[in-house]
Amino acid sequence: MSKTEPKTTVEWRQLDWRKLEKRVFKLQKRIYQASKRGDIKTVRKLQKTLNQSWSAKCLAVRRVTQDNQGKKTAGIDGVSSLKPEQRLPLVEQLKFTGQSKPVRRVWIPKPGRQEKRPLGIPTLYDRALQTLARFALEPEWEAKFEANSYGFRPGRSCQDAISAIRASVQRKAKYVLDADIAGCFDNINQEELLTKLNTYPTLRRQIKAWLKAGIVDNGQLFPSNSGTPQGGAISPLLANIALHGMELLLNQHFPEMSGGSRETWFHPKGTKFRTPRLIRYADDFVVIHENLAVIQYCRDLLIAWLGEIGLTLNPNKTRIIHTLEPYDGQQPGFDFLGFTIRQFPAGKHQSGSKGNGERIGFTALVTPSKTAQERHQAEIGRIIDAHQNATQTALISHLIPVIRGWTNYFSSENSSHTFSRHNLLTFQKLWRWAKRRHPNKSKGWILRKYWQRRGRIRWNFTPDETGPVLPLHSKTAIRRFVKVRGTKSPFDGDWVYWSTRMGKHPTVSRPVAILLKKQKGQCPLCELYFKCDDLMEIDHVIPLSLGGARTYNNLQLLHRHCHVRKTASDGSLVPSKRLCH
Numbered sequence: 050m051s052k053t054e055p056k057t058t059v060e061w062r063q064l065d066w067r068k069l070e071k072r073v074f075k076l077q078k079r080i081y082q083a084s085k086r087g088d089i090k091t092v093r094k095l096q097k098t099l100n101q102s103w104s105a106k107c108l109a110v111r112r113v114t115q116d117n118q119g120k121k122t123a124g125i126d127g128v129s130s131l132k133p134e135q136r137l138p139l140v141e142q143l144k145f146t147g148q149s150k151p152v153r154r155v156w157i158p159k160p161g162r163q164e165k166r167p168l169g170i171p172t173l174y175d176r177a178l179q180t181l182a183r184f185a186l187e188p189e190w191e192a193k194f195e196a197n198s199y200g201f202r203p204g205r206s207c208q209d210a211i212s213a214i215r216a217s218v219q220r221k222a223k224y225v226l227d228a229d230i231a232g233c234f235d236n237i238n239q240e241e242l243l244t245k246l247n248t249y250p251t252l253r254r255q256i257k258a259w260l261k262a263g264i265v266d267n268g269q270l271f272p273s274n275s276g277t278p279q280g281g282a283i284s285p286l287l288a289n290i291a292l293h294g295m296e297l298l299l300n301q302h303f304p305e306m307s308g309g310s311r312e313t314w315f316h317p318k319g320t321k322f323r324t325p326r327l328i329r330y331a332d333d334f335v336v337i338h339e340n341l342a343v344i345q346y347c348r349d350l351l352i353a354w355l356g357e358i359g360l361t362l363n364p365n366k367t368r369i370i371h372t373l374e375p376y377d378g379q380q381p382g383f384d385f386l387g388f389t390i391r392q393f394p395a396g397k398h399q400s401g402s403k404g405n406g407e408r409i410g411f412t413a414l415v416t417p418s419k420t421a422q423e424r425h426q427a428e429i430g431r432i433i434d435a436h437q438n439a440t441q442t443a444l445i446s447h448l449i450p451v452i453r454g455w456t457n458y459f460s461s462e463n464s465s466h467t468f469s470r471h472n473l474l475t476f477q478k479l480w481r482w483a484k485r486r487h488p489n490k491s492k493g494w495i496l497r498k499y500w501q502r503r504g505r506i507r508w509n510f511t512p513d514e515t516g517p518v519l520p521l522h523s524k525t526a527i528r529r530f531v532k533v534r535g536t537k538s539p540f541d542g543d544w545v546y547w548s549t550r551m552g553k554h555p556t557v558s559r560p561v562a563i564l565l566k567k568q569k570g571q572c573p574l575c576e577l578y579f580k581c582d583d584l585m586e587i588d589h590v591i592p593l594s595l596g597g598a599r600t601y602n603n604l605q606l607l608h609r610h611c612h613v614r615k616t617a618s619d620g621s622l623v624p625s626k627r628l629c630h
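Reading the sequence shown from the start, the letters are residues 50 to 630 in the numbering used here.
Derived from the structure by calculation, the hints contain no laboratory data. Hints may be right or wrong, so weigh each one.
No farther apart than 27 angstroms at their CA atoms in a straight line, the calculated lysine-lysine pairs in the DSSO-like style are these [what the hints assert, rightly or not]: (1) Lys-97 <-> Lys-221; (2) Lys-71 <-> Lys-569; (3) Lys-532 <-> Lys-569; (4) Lys-532 <-> Lys-78; (5) Lys-566 <-> Lys-537; (6) Lys-85 <-> Lys-580; (7) Lys-159 <-> Lys-366; (8) Lys-537 <-> Lys-193; (9) Lys-580 <-> Lys-132.
Please build the complete structure, drawing on both the sequences and the hints.
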């Protein structure tokens, strides 16, 4: 323990979390800056300081016991949650000893498939220790990661990857290597990963212990000689580290020419080509280029590179397609992260080429994929079927988050026609639900009972004029998403940039966006800026039970742990001036 850290006799709820957060982020920012300039000696020194910090240990314990979605999931020791008085003793126990307990394997279904995928659940102690290690490693590698890597990184999302793809195919018809790595998390070569990680010995031994800990499935212990079990706090970061270098590999084989030219030399034939664009989200990636030979060459390069870390491409999910024309018996376009990216022939004034010099117009559209649409309607149908005897209000409350979440996710692209179609499909399911409840009533009677007029809209699924209304898919506005700038990272300390992006993200609800802007990106309880991976909750300044109003002046956006702290104290909080004006 550092001599400057407070004593652990302080009660958990009385800790100055603002001070702890600022102390840890200051170290993380220094690690990021040192890694950016290549000062490895300073990076290691700061990482050791952070891993021994009492402040970082407290934040790691709070992350796994209060903030994380799976905080009540038990490992092999059966411990699923900790009371506040049990958390400080856990802080004292956190230490890198080079030992680890096996993970408990659970199987969860894949969306829309019969097969399941495995998750490895570490013990609560190991989850806290992994979070502590991630605090030190993530800033170092955020300074190294490539610009077009978007999965499992703070401040980056699926929409960033889709925006990058849209920008690549907007002006010219191209070939695409649509690739998927087979069993990425399960097959990574652990020794190659540790060599690539290149961290200080104590942390290296601890990470190796986590990788070699073994897996308990149905009471049987199995060795884990390869891969990083999904489910651990540090597993996504380790997978990103293992896959780091793919974009750099292509840039080395297609280096930019001097003088700022966008063309490169294709070495095998000595022909000039533009640099191919590789865009990766976790273990899924695409390579985009106008020339088929370049795409095939990139595929061979990546297969050889992945083989060095024990990975291969999945032959059933890896293919080469064209964005505008059929190729190799396949229709144009491809699916990525739930979107379909495809070009369609259009007016003569739009750019494009068939490859033989003949010009052809086209337009590039990014729409929700057919699979994503089928899953969404299946989910709506499942909810409606499960609430045959429920009230209309209860049914609406279960459908609202499904519809809003789905439409928000796809609202950054060309989804208006798809949303209108889903209005009709959802209405048909609701109509069958209503008719089944009243088989002897007329159509007019059913319409008057379940659909009301609100303003200019006649077909509102609502119980009465003051009750909740089921949102229409088409009511979600289509707003173009702006991709994250270059290699920027939340560890650079540019709070204005990151808080502004959070408020404009399509998956953020309108009330949260309004409150983020009103509070200038800060939590009024701890007065810290919201970070990209923080969990936020809307709170009533004056509770409704005490006469509080349902207005924005009586609402505030808090961290989840701040919300718990406020509720546990006195149930009310004097509104700040920032919330009242």
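Hint check:
For the proposed pair Lys-97 and Lys-221, the alpha carbon gap of about 49 angstroms is over 27 angstroms, so the pair is violated. A threshold of 27 angstroms between alpha carbons decides the hint, and for Lys-71 with Lys-569 the separation of about 18 angstroms falls inside it, so the pair holds. Of the pairs offered as hints, the one joining Lys-532 and Lys-569 holds, with about 21 angstroms between alpha carbons and a cut-off of 27 angstroms not exceeded. About 23 angstroms separates the Cα atoms of Lys-532 and Lys-78, which keeps this hinted pair within 27 angstroms; it holds.
With a C-alpha separation of about 21 angstroms, the suggested pairing of Lys-566 with Lys-537 holds against the 27 angstroms cut-off. Between Lys-85 and Lys-580, the direct Cα distance comes to roughly 21 angstroms. Compliance with the 27 angstroms bound is thereby established for this hinted pair. With a C-alpha separation of about 16 angstroms, the suggested pair Lys-159 and Lys-366 falls inside the 27 angstroms cut-off, and the hint holds. Straight-line distance between C-alpha atoms of Lys-537 and Lys-193 comes to about 11 angstroms, which keeps the hinted pair within the 27 angstroms bound.
Under the criterion of a C-alpha separation no larger than 27 angstroms, the hint pairing Lys-580 with Lys-132 is consistent with the structure, at around 26 angstroms.
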